[in-house]
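**Student:** With chain A fixed as given, assemble chain B onto it according to the hints.
Number of protein chains: 2
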Amino acid sequence: MSQRVIDDHAEVAHHIHRVEPPPKQNLLNELKNGLKETFFSDEPLRHFKDKSAPTKLFLVLQGVFPILDWGRSYTLAKFKGDLIAGLTIVSLCVPQDIAYAKLANLDFQYGLYSSFVPPLVYAFMGSSRHIAIGPVAVVSLLLGSLLQNEIDPLNKDGSPNFAYTRLAFTATFFAGVTQFALGFFRLGFLIDFLSHAAIVGFMGGAAVTIALQQLKGLLGIKIFTKKTDIISVMQSVWGTVHHGWNWQTILIGLSFMVFILIAKYIGKKYQRLFWVSAIAPLISVIVATFCVGITHADKQGVQIVTHIHKGINPLSVHQIYWTGEFLLKGFKIGVVAGMIALTEGVAIGRTFASKMDYNLDGNKEMVAMGSMNIVGSMTSCYVTTGSFSRSAVNFLAGCNTTVSNIVMSCVVLVTLVLITPLFKYTPNAVLASIIITAVVGLIDIKAAILLWKSDKLDFLACIGAFFGVIFKSVEIGLLIAVAISFAKILLQVTRPRTAKLGKLPGTNVYRNVVQYPDATLVSGILIVRVDSAIYFSNSNYIKERILRWLSYEEEEVKSLSLPRIQYLVIEMSPVTDIDTSGIHSFQELYKTLRHRNVHLVLANPAPVVTEKLYSSEFAMLIGEDKIFSSVADAVLTLSTSPKAQEP
Amino acid sequence: MSQRVIDDHAEVAHHIHRVEPPPKQNLLNELKNGLKETFFSDEPLRHFKDKSAPTKLFLVLQGVFPILDWGRSYTLAKFKGDLIAGLTIVSLCVPQDIAYAKLANLDFQYGLYSSFVPPLVYAFMGSSRHIAIGPVAVVSLLLGSLLQNEIDPLNKDGSPNFAYTRLAFTATFFAGVTQFALGFFRLGFLIDFLSHAAIVGFMGGAAVTIALQQLKGLLGIKIFTKKTDIISVMQSVWGTVHHGWNWQTILIGLSFMVFILIAKYIGKKYQRLFWVSAIAPLISVIVATFCVGITHADKQGVQIVTHIHKGINPLSVHQIYWTGEFLLKGFKIGVVAGMIALTEGVAIGRTFASKMDYNLDGNKEMVAMGSMNIVGSMTSCYVTTGSFSRSAVNFLAGCNTTVSNIVMSCVVLVTLVLITPLFKYTPNAVLASIIITAVVGLIDIKAAILLWKSDKLDFLACIGAFFGVIFKSVEIGLLIAVAISFAKILLQVTRPRTAKLGKLPGTNVYRNVVQYPDATLVSGILIVRVDSAIYFSNSNYIKERILRWLSYEEEEVKSLSLPRIQYLVIEMSPVTDIDTSGIHSFQELYKTLRHRNVHLVLANPAPVVTEKLYSSEFAMLIGEDKIFSSVADAVLTLSTSPKAQEP
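Quick note, the sequences are listed as chains A and B, same order.
Reading the first sequence from the start, the letters are residues 1 to 647 in my numbering.
Reading the second sequence from the start, the letters are residues 1 to 647 in my numbering.
Okay, chain A solo, but in the shape it has when bound (with noise of 0.2 Å):
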């Protein structure tokens, strides 16, 4: 199959490189680059070099708060923009704050106070420009799950316990604290451990959980199961077909659902109609509101919201657990609730950000979101984040800066203060409809069919995760999506690629022959390139594997026969880096070959690498002349000086 010939060498004009040991560096150095390539790379220093002290004084209090940045150049039009943007998102978030209040668990109330708080905080600190906070579906889901685990929302009496709330803002505060930490210490990218792939699959489960749940509120069921799981939610949906539901409640539930998908269909076709979409859901509860408080629907079982407390934000600072037993349990949640609403916050940013080319700072995000939700838990709001679908609207209405959440951060100051007596009378199911139209989008087949058709092993990530979530349970999904991602970090760093190397006829360019077939091997010697760089992880794996490759070549070779192999060339242009584990493994690969009669020869070696292979010694040991700076030197070289003598 493949060919194997003696290339004439000379048709090619080639000069050959040697490769030095680059100079050493000092520990401190070398310890210096790694920690700032990794917890600096962005340089965020950069523009304090060669300042004098005041200005550095500024240029800290602007890195802190960017509204000193971009507010000096604040300007009429750029607030008309975020006014009208502004009153968009906040006729889309009044009704989802209510409802999602009640995927975690808790009083109506709180949804609002999420999103007058926070947002604030975020405008002054935040430096994505499309962003709108607030309680977020998928976030307040998993909140609510995680904190039923340890107490139920509600007393033996039905009335809401008040050691859940205070549970809710002591995760609350430990989100805060989580987010901030990994953006201070430079640590974000510790969120970049969740695969795209898991996330797809563990947002899709949440939604169509989320979804299932409000089939409670949509057919006025009044016994439901607590659990989640898709299971143990039909079970009680079909137990109760006969006697549990009520049709009015129905009737108004899937009335105000087909509305909404009509104006979100039409925002969707029409982008100039988007605010159709936006507002759609204000409309349908103040129709809804107004028709059962002329109807008296309530009394034929009508499920409404009785009573949203009014007034703005009451301090929460004593209500935290600050000792106890419950302190430890609300950090956990905290750390896994804020982590996730930090994953989802920053991808929205990230996305906008590179829709309209603009900078973002990961770590200052993370910073801003963990003030946020920090302060948030001290003013009686729980996690909150940026949400897609209102972001979504803010960037379609024209908003410019971050002060599209200030104006809908007043107008939901206004709604606590005077409006929330008004909402007594909105059925439940219009709530159930707002939130199932809310979350579908969060479903993403595209997102899945490409996962299918690019990479199946990470389909098979985004399957196990949606199907945790909903045949198990939030916690379950997440879990197996973490899992996952890490698993494939495991395989990536103890299985490298390798390959066979053949010469591209005509070139000094030497490939994979399997993916060139017309690439010739040459005589002799057998060139075999490694993909990654060799750590202990892999180090054993790649010895093997090379020795696998010179095996197979040498049956092969045998039973052509053809001249016998005498040189190994390693090609490590993609070997990146090697450890003590690597050298030694290389030193056994070398003792080997010398058994094997083979040579071992290394064909451009990175920096790094080079200067490992010089201070271990090793590249004395093989021999300063077997290190080229191509695998085109190397083959030169070799074939063309006299038979190779014995090792």
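If you're looking for bench data, these hints aren't it; they were derived computationally from the structure.
Don't take each hint at face value.
No distinction is drawn between identical chains; accordingly, a pair holds when it is met within one copy or between any pair of copies.
As the list claims (entries may be wrong) - Subject to a maximum C-alpha distance of 27 Å in a straight line, what follows is the list of computed DSSO-like cross-link-like pairs (lysine-lysine):
(1) 626 to 456
(2) 626 to 355
(3) 268 to 78
(4) 626 to 446
(5) 332 to 488
(6) 500 to 36
(7) 591 to 269
(8) 32 to 453
(9) 456 to 591
(10) 558 to 591
(11) 355 to 78
(12) 424 to 299
(13) 32 to 488
Computed from a prediction, not measured in an experiment: that's the story for all the values here.
**Tutor:** Chain B alone, transformed into the frame defined by chain A:
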């Protein structure tokens, strides 16, 4: 600093190769290949092809019991070597066994038991020819301190606690199960996750800890701390200096220590005389026992062995905890001890296999070691593995096969049945000297120096594990070793290297401009190489890093008034794989570049990467003509093409 020239591309003959998407694989094939490379990379079933059923059965048996393979060609000449080797190692193993049992807080006889059954099992199932099986110092210490955390080894009256011994067998059983399972399910690569550097540090720390513990026996101290950290031990030692030390004990201990050290020195200096160092411990025991026996020094406060149970291993199946809380504790301890024993055993096996150039199947070794520990746990043995000192002696004494283990096992049997009562007067001090002289070899200062020279971060890992063990405890040291190893893997996958490439003068080769200062940049084209697979864990970083390269380059180009950058070429050779997060990042990169009026060009993507670029339609997005088989091709085409049109 960096030169920027327009190169004369005509100077090198050049054919341009197109990059075609590789033929599509179906999911099943893809999964099969992935699984094969991960778990069956050594193609264990290769020899089974085209064989009849009985032959296959025999091959399976031969796979499980390699003795059926080499046994057929076993000769008397080989046996002679094995006999001598077996007799030599037994003289080393008997005193060590007795001493090591005390490290695990077990009665003396359990050490001898453990050198009888497990070596026999290994002889039939193991594939290493030079390894000598038995209890080893580090695993004994680790097991002892883990068990001690759960149950006190002694009753209040000073008699051995039966529950402790039972837990030891339970842990041994699960150590064996762990080892067997790792091998059977081909998960052997998991032990590669403990990095070489961490092991060097951990072993060194354990050796120091063990040696310090021996001060009790060596100085004849009666009341000694139970903690293993250096500070507690030193306090115990100094606290008893005035009235707790026994000069006769010290005399015995020090003189035999000097004797064994001299013997070791001779054995090392003249390799012919290796047997001097091998039999020195046994001679010490005999002489010391004889002296104490006739002088009745035990009456003067010299602590002696007093009693070793006579007879062969009693069965212990019924002593293993099959239920209750100790089942779980035994399991946990077993997993840890089993992994460490395996790491040590496999490393020793590999060392000799590479020295003598034979193949060692890691997974088979694990199955063999697992089996010997499972059988051992049922016959009153505790965790055993390959011992470095005894394996080295075995090798030097000229062993040929595992028959030397059988010889050793037989002599241990004779010892158990006939000689144990003679050990009555053996002073503990001489056992302490034997342990100290055995473990100093584990402190590998040369390896630590090599680590310092070749990789500073590896050195830190080594030192961290070392200090963790000696200043805190074996478990903490182990935890540090594992944590550092994992942190390194995480760093590796989150912060891959990138490099700016230039053309080596007179060639078509593009190399890192930092490593090759004479490489010249190409006008209007920025070439960046990404040195890693692009996965969710690093895709964001890579995108941002590439944009940073571009920003720096644009600044420099502007300051030198050179033509602006029109093309960004990404050299993809080292990018061995890309997942959907990676594709996603590339899409964002493409969008951002379009805003900046720069074309994105890819060079030499690997087959899997090419396939994903096509299946995700990213190739069509950037244009298939923007993907080249090499940087040289890309540069040649881009710089000869007419002025780039606006993207």
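**Student:** Which hint numbers doesn't this structure obey?
**Tutor:** none
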